[in-house]
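Protein chains in written order, with the numbering used here: chain R, 369 to 728; chain Z, 5 to 230.
Any given hint could be a false lead.
[Said to hold, decoys possible] Computed cross-link-like contacts, DSSO-like style, restricted to lysine-lysine with a CA-CA straight-line distance of at most 27 Å:
no., chain 1, residue 1, chain 2, residue 2
1, R, LYS641, Z, LYS160
2, Z, LYS219, R, LYS664
3, R, LYS691, R, LYS675
Bear in mind the hints are in silico, worked out from the structure with no lab data behind them.
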Amino acid sequence: MAEIKKPLDKKTLIKSIVVFIFFIIIVSSTGKFNFELLINLAIFGFFFLFFRPSKHEKNLLNLLRQKPPKSSNPSGLEKATDLTTNSPAQIPAEMFNQVMNLLTEQSTVKNIDQTTVLETAAQSPAINPLASLVQSAWMAGSTNIHLSRKKKYLQVALNGTLDEAINTINNLPRSEKIIIEAGTPLIKIYGAQAVKTLRQYLPDAYIVADIKIADLAAREVEIFKQAGANAITALGVAPIETLNEFISACKAHNLDSMIDMMNVSSSISILKKLSALPDVVILHRGVDETESTKGKMIPYYQINQIKGNYNLIVAVAGGDTPKEIQSAVFNGANIVVVWKNFQNGGGIRALAENFLKEIR
Amino acid sequence: MILNPRQKYLQIAFNRSMNEVLKMMRQLPATDRILIEAGTPFIKQYGTIGLARLVHLWQSLNNGQGYIVADLKCMDRGFTEVQAVKNAGASAATCLGLAPVETLDAFIKTCADLEIDSMIDMLNVPFPFEVIQQLKKRPDIVVLHRGVDESLNSTKAIPYHDITRLKGSYNIVISIAGGETLRDAQRAFFNSADIAIVWKEFYENPDNVKELAEKFLTSIKGYGRN
Chain R
369 MAEIKKPLDK KTLIKSIVVF IFFIIIVSST GKFNFELLIN LAIFGFFFLF
419 FRPSKHEKNL LNLLRQKPPK SSNPSGLEKA TDLTTNSPAQ IPAEMFNQVM
469 NLLTEQSTVK NIDQTTVLET AAQSPAINPL ASLVQSAWMA GSTNIHLSRK
519 KKYLQVALNG TLDEAINTIN NLPRSEKIII EAGTPLIKIY GAQAVKTLRQ
569 YLPDAYIVAD IKIADLAARE VEIFKQAGAN AITALGVAPI ETLNEFISAC
619 KAHNLDSMID MMNVSSSISI LKKLSALPDV VILHRGVDET ESTKGKMIPY
669 YQINQIKGNY NLIVAVAGGD TPKEIQSAVF NGANIVVVWK NFQNGGGIRA
719 LAENFLKEIR
Chain Z
5 MILNPRQKYL QIAFNRSMNE VLKMMRQLPA TDRILIEAGT PFIKQYGTIG
55 LARLVHLWQS LNNGQGYIVA DLKCMDRGFT EVQAVKNAGA SAATCLGLAP
105 VETLDAFIKT CADLEIDSMI DMLNVPFPFE VIQQLKKRPD IVVLHRGVDE
155 SLNSTKAIPY HDITRLKGSY NIVISIAGGE TLRDAQRAFF NSADIAIVWK
205 EFYENPDNVK ELAEKFLTSI KGYGRN
């Protein structure tokens with residue numbers, strides 16, 4: 369979370385002067401220059417000035433607590449919850465502008481695209497249309513999270529049905545080190561709605577849409593940006609033109625680009641051909657490969673090969689046991705992708721908690 | 005196999021939004037020569053629910069004889085995805101020729117078990133013949149493909165030369181993707197392809213679908229039975 373900076377108004381100026389006078393009185397009364405006291409006071413003053421809830425945040429909280437206005441403008445408000453129309457929500461313009469101003473003035477949420485906010489608000493079923501508007505605005509803002517190269521992440525791939533996926537989410541501990549992945553089968557069955565639903569459940573999470581782009585990159589990136597994804601995957605075996613198009617589309621939409629190196633013998637040779645680098649490279653052993661052929665290994669040796677040449681985040685997929693996760697991290701992987709453990713119900717919570725405890 | 009290997013077909017890929025696609029499909033002439041493809045972006049956007057709507061419309065227009073291709077582009081875990089599109093009512097599913105051989109084998113086997121046609125999409129595969137050679141069982145249809153993003157690069161051509169190479173060794177149905185004009189479709193059939201896939205002109209002119217379909221259907225005349 370970034371530090372919130374605000375210009376000093378009159379009240380805070382007076383308060384800081386009072387604190388300063390108080391400090392001088394203490395110093396003069398003891399007669400000695402007491403360093404401990406000075407430091408304590410400085411810390412207190414700092415917190416007092418910078419970490420109070422701001423006026424905007426207070427207003428926003430009040431807005432959320434409000435009940436929906438009853439039949440003041442029924443036609444407009446009901447349309448916001450109507451699932452059948454794909455047109456942007458008919459939320460009164462004043463209310464919309466009020467919410468947008470409040471949100472954009474906070475430093476954590478920036479560059480909100482107002483049309484996507486309206487579209488997502490129109491499609492999200494909520495009892496309180498205002499709450500759904502605020503939520504979808506947060507959603508638009510939360511797609512601006514990016515991964516850090518210095519941290520280790522656990523990426524949990526959700527496949528199967530949407531109910532199972534939500535069940536798994538409820539079992540996961542809340543941490544910024546856990547990445548949620550909407551798996552390829554999930555997306556092909558439920559469409560972009562799968563990502564939208566996950567985003568509604570987890571407004572602050574980092575969500576990867578594993579759509580494995582092989583062609584028509586720009587179009588698919590746009591669909592999943594609107595659905596609320598933070599990162600999108602493409603196949604390393606796809607044509608180079610597609611990958612270039614994919615990376616530039618992701619940059620334009622402020623998303624992280626991930627290239628899945630499944631069935632690629634040399635990832636470095638693909639990276640060399642690209643006109644711009646992706647954000648993440650995924651080294652991958654497929655599920656079908658694992659089940660039918662015993663000999664195929666996860667290409668751990670490629671991790672340092674890639675990291676030595678490029679400043680990239682490397683993810684490893686295909687291992688499921690705690691031991692394989694450990695060896696992936698030990699070999700320098702930033703992200704470990706798991707999927708199998710929770711297909712049978714249990715196990716994922718213990719795995720995730722273990723990961724958070726052991727690996728920093 | 006559901007398709008007749010002795011006939012020529014025109015496959016139209018749809019990638020617009022749901023309402024537009026349904027509107028476009030209603031304009032099409034009812035004939036078994038036209039195969040409908042739900043494009044990859046379409047499936048990723050609307051899922052199998054969207055696919056089921058296309059199936060329902062096309063079957064009702066064609067007295068239950070319509071043929072719908074789900075352009076899944078499987079790369080892994082073919083079983084789950086094929087099962088899902090079969091339940092939605094698709095007649096064929098595609099898998100990438102770039103996928104591991106294990107995935108391709110599993111995909112072809114699943115398709116055979118579920119009685120739908122298996123299509124292997126040879127996008128960005130330099131030697132399609134070698135991929136087919138490695139498989140335990142051959143697929144029903146091979147799609148020779150130049151990607152849409154690739155077509156910006158003028159040095160890459162549509163691989164017509166692979167058609168006779170494959171047909172010489174295997175009794176297999178070949179479809180050609182990546183062409184956009186009537187001339188491209190004629191060229192595909194002249195080079196003894198069985199299916200020509202078109203999408204761009206339909207994508208750009210959603211209102212003249214009927215005329216376009218009739219125009220493209222003329223390219224089939226004179227080939228195959230009929």
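Verification of the hints:
no.	hint	in the structure
1	R:LYS641 / Z:LYS160	16 Å, holds
2	Z:LYS219 / R:LYS664	50 Å, violated
3	R:LYS691 / R:LYS675	22 Å, holds
Going down the numbered hints, you'll see the structure goes against just number 2.
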